[in-house]
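Novice: First to last, the protein sequences are chains F and C. For the first sequence, the working numbering begins at 1 and goes up steadily by one. For the second sequence, the working numbering begins at 1 and goes up steadily by one.
Calculated from the structure, these hints are not laboratory results. Glycine is no exception: its CB is placed at the ideal position from the N, C-alpha and C atoms.
Have a look at the derived ranges for each label pair, beta carbon to beta carbon:
no.: 1; chain 1: C; residue 1: I436; chain 2: F; residue 2: E68; range: 18 to 26 Å
no.: 2; chain 1: F; residue 1: Q138; chain 2: C; residue 2: E16; range: 57 to 65 Å
no.: 3; chain 1: C; residue 1: W14; chain 2: F; residue 2: A22; range: 33 to 41 Å
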Amino acid sequence: MPLENFGSILNFAEEMEKQDLAFYSAVAGNPACSEHRKMFEQFAADANKNIKNVQRTRRENVTEMILEPISGFTREPFCEECSEAETMSLEDALATAHRLVDRAERYYTEAATKIKALPEVSRAFKSICKKHKAQREQLVAL
Amino acid sequence: MSLPLMKNYINGDWMESDSTTIGDVWNPAKGEKIAQVAYGTAADVDKAVKAAKEAYWDWRTTPPLTRARYLFRLKDAFEENFEEIASVLTTEQGKCIDEARGEVRRMIENVEHATGVTTLMCGYTLEDIAKDIDCMGHPQPMGVFAAIVPYNFPGMVAWWFLPYAIVCGNTFILKPSEQVPMTQTKIFEIMDEVGFPEGVVNMVHGARDVVNGFLDHPDIAGISFVGSTPTAKYIYQRCGETGKRVQALGGAKNIVAVMPDADLDAGMPSLITSYYGCSGQRCLSGAILAAVGDAADEIVEKFRIAAQSVKVGDGLNEQTTMGPVVSEAHKKRVLGYIEKGIEEGADLILDGRDCKVDGYPNGYFIGPCIFDNVKPDMTIAREEIFGPVVSVVRCKDLDDVIDLINTRGFGNAACIYTSSGATAREFKYRVLPSMIGINIGIAAPMSFFPFGGAGNSMFGDIKAHGQEIFKFFTDTKVVIQRWF
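Kindly produce the complete structure, drawing on both the sequences and the hints.
Specialist: Here is the structure:
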């Protein structure tokens, strides 16, 4: 499905962060993942903050007029499955977390370029991307 | 299933109208009834005016900063309910969800601007106008104001007036469009939560009887109106007869000129939004595309190709770039203009009449339409269509464009796409309309600049929002003083 307008790009970002929030909240409560419970709780809190940031960015920067077209951007490369988080092994949970931060970094990097006609949105995406990058570094350091 | 009935909001209470005339509210994407609204009466207006008059003195003596604090709270409440307001707006009006979000944003921007009352409402003084005599001008609120607003922007337009009126110390009555009463009902529910003093803000639903109720009422100090030109003229005349202040914004026939030196690729997205945004139901929509000089063929062809990529559908679908028109009656009206264009000899080079949207067989959809070779005296080049229909008039040069613009009678907006600063300057200097876009297809002033046209597009002296609006909602009392 194409992501070719302001609303769809911001909505997909919100969808991704909500998926992250659900996943990290679930693995934080999964006994098999208790070794890294604090980290997962932190990631869930980050996702919650990111959701608010995306929502605020959408509210404050929406414009009636399309100044620059957005093309060649779709949801599919950024869709991830992360079901059964409550029961998965720690190894699977960490692998999924790696996939989620990787897709977030890719998405926000590309979206920030695509939506550069709205600098505040681009800036917000870059800032959220940075947070995901920090999460990746945390995962790599384990 | 019974449909919700929109109620009036008077003196801090929700109440049903005495009227027995009930109208339907429709979802234009589905062609389904979603609510009902009573067409209020002069008696409903009188109740609201009494409440507003009763509330006036307490509110007028409330310090401006305290009044502004209600607006700060309201802004926060609007932010919290942002998506819900946008969604109700799209459901009853049809426009795309991003357009609805943009409208809610602009509504909030007016609240933000109005909070500057402690600067923007200040008066002025001059010492020693004569020996030992000082003079001061105090802007003072005037009493009860009312506004009558249209269907195309169910959220925003009321907010070109309401926050300024009340922050200046007046009390206020709103009549939303009877076609789209749900958005303001949602907004007034939020205002009710914010807790304005009873009677400061009131809402009466309805149509002609409410309008005449406002016009006839001796206790209403002034009226703000946005709608069609004939009604704007009527409101202006009636307010003159009854000694009310008035600002009446009417219709438009906006021309967007594309010069041969325009950067078409860079400008095309905003050009397309100008004509097809809100399905052309915008007083700032482009209506005529003035394609200039030798490049006209290329301009028209590129525009036609871009117009074909407009995605028509339910505004709540994020992929949609153009929603339906507001009603079945309006769809018929727009289709009537298309027939007229064909009859009068214009070439319909993009025909959106038979537009079908999967899953929405009863929606009031019209696809993008383009007429080429339209002559300035044809009906479709003179009258406001208010739909996704573009009339291409081929012009030989800038003088030809300016002549076309200045002979439409309307004077709302005009835009030009060009790479030449000299051409742009000449254009903005000589054209009659008072909202000008240069390489911008919709010349929509933000809340801190005035909104309103010239000619038959505006009756009255003070436009909507901007700094000037504080003058509309106040009277400057001049005090000349001497102490012995």
